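Protein chains: 2
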Amino acid sequence: MKLYGYYRSSTSYRLRIALELKGIAYEYIPVNLLTSEQKGEAFTSRNPFGSVPMLEADGRDRAQSMAQLEWLDEAHPHRPLLPADIEDRYTARELAYAIATETHAVNNLPVLKYLKDPLGHSQEEIDIWYRHWLARTFVPLEGRLAQLGTGDFLFERPGFFEVVLLPQVYNARRFDFDFSDKPHIERIERACLALPEFQRAYPDNQIDAP
Amino acid sequence: MKLYGYYRSSTSYRLRIALELKGIAYEYIPVNLLTSEQKGEAFTSRNPFGSVPMLEADGRDRAQSMAQLEWLDEAHPHRPLLPADIEDRYTARELAYAIATETHAVNNLPVLKYLKDPLGHSQEEIDIWYRHWLARTFVPLEGRLAQLGTGDFLFERPGFFEVVLLPQVYNARRFDFDFSDKPHIERIERACLALPEFQRAYPDNQIDAP
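If you read the sequences in order, they're chains S and C. Numbered according to the UniProt record's numbering, the first sequence spans residues 1 to 210. Numbered according to the UniProt record's numbering, the second sequence spans residues 1 to 210.
Worth flagging that the hints you see were computed from the coordinates, not collected in a lab. Warning: the hint list may mix true and false statements.
EDC-like cross-link-like pairs, simulated, lysine to aspartate or glutamate; straight-line CA separation at most 16 Å [as the list claims (entries may be wrong)]: (1) C/LYS22 <-> C/ASP61; (2) C/LYS22 <-> C/GLU74; (3) C/LYS116 <-> S/GLU27; (4) S/LYS116 <-> C/GLU125; (5) S/LYS2 <-> S/GLU27; (6) C/LYS22 <-> C/GLU37.
Some chain S residues flagged as far from chain C (calculated, every beta-carbon gap over 12 Å) [as the list claims (entries may be wrong)]: (7) LEU33; (8) ARG136; (9) PRO210.
Nothing here was measured: the structure is a model prediction, and the numbers come from that model. Ideal Cβ positions, reconstructed from N, Cα and C, are used throughout, including at glycine.
Whenever a hint applies, use it, and build me the whole structure from the sequences.
Quick look at the structure:
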């Protein structure tokens, strides 16, 4: 498989973690978002959405990280990301999709750029925006994890939820988000980052990181 | 099942369509977003995310529409929303998640409210914002549908993709989005709205519509 991504793209980071957890060998091909390489013809002819990650796998160029993750688990079911039990699968997806559909999109690079130009907002206003939408999901998420009595991971081993959580936490730390009242999220972060799979997937450890 | 929703909430509309397509009887319980009923203690004690739709089903209060849809198809697999073939499932999810993760979140009511207050933008600026993010997904989506040679539906019958597409198209029409160069999306919209399942799920036909 070939993963086209960018070291600091949190959706690319999702796929790196997923592939590592599954033990699937892949080639990582950097796409420079700062020079808008993903909007060039060479890239959009393969992925019309003009976004990373793109996963070239089993003869097809795949866009959209959440669809890629669901596909990976169906087409390559060893070391599954989602648990076997239908109710547990629901739990993992509820928490993962809360991040993917509520927080990530609103804080994605194109939105932050639009806030700056044409809307003319300052970096300080953008930082407040960023933390506002993070809190909107991370506060109830922390509550849900407490309700569930979550330990180091949502289930016995990291999977679908942690694949989506860790990249969002990485972003949150870049924007100085306050985790002091989020012990469950912090514990999961710590437990994941201790694992070699997460370390290999970590943004700062990619070949396109500065 | 009980579906807590709001007539014009597009994520609630997704669930109404899904339940109708599956032929699952449900009780629809309106939650008034205009008075922020979903942020009240009575609601958040059951759904900490404070959002609709909430699906009370099989003994559990379920938040997050995409996780609800995936769960519905696993727990109630008759009349499946997703096709059986793994590659077709990927296709349906790629297109559905493009809308759910890229367009919907950025144009959701809380974001539009935030643009107005505290950010102080005019309704005209907000309308431009709305159409900007719609185009960002609908243009490549139309291209993907053309590539796939899509007819009235993505596959033989409407399913996962149409469940997510139709509500976004409904919203787009409210914001006068230009569909003149989107023949595939318009054809799917027309074919779906001709079906009684989509008519029963339609926002204007709900008991909480004005």
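Against the structure, the hints come out as follows:
no.: 1; hint: C/LYS22 <-> C/ASP61; verdict: 20 Å, violated
no.: 2; hint: C/LYS22 <-> C/GLU74; verdict: 12 Å, holds
no.: 3; hint: C/LYS116 <-> S/GLU27; verdict: 44 Å, violated
no.: 4; hint: S/LYS116 <-> C/GLU125; verdict: 14 Å, holds
no.: 5; hint: S/LYS2 <-> S/GLU27; verdict: 5 Å, holds
no.: 6; hint: C/LYS22 <-> C/GLU37; verdict: 29 Å, violated
no.: 7; hint: LEU33; verdict: 15 Å, holds
no.: 8; hint: ARG136; verdict: 7 Å, violated
no.: 9; hint: PRO210; verdict: 27 Å, holds
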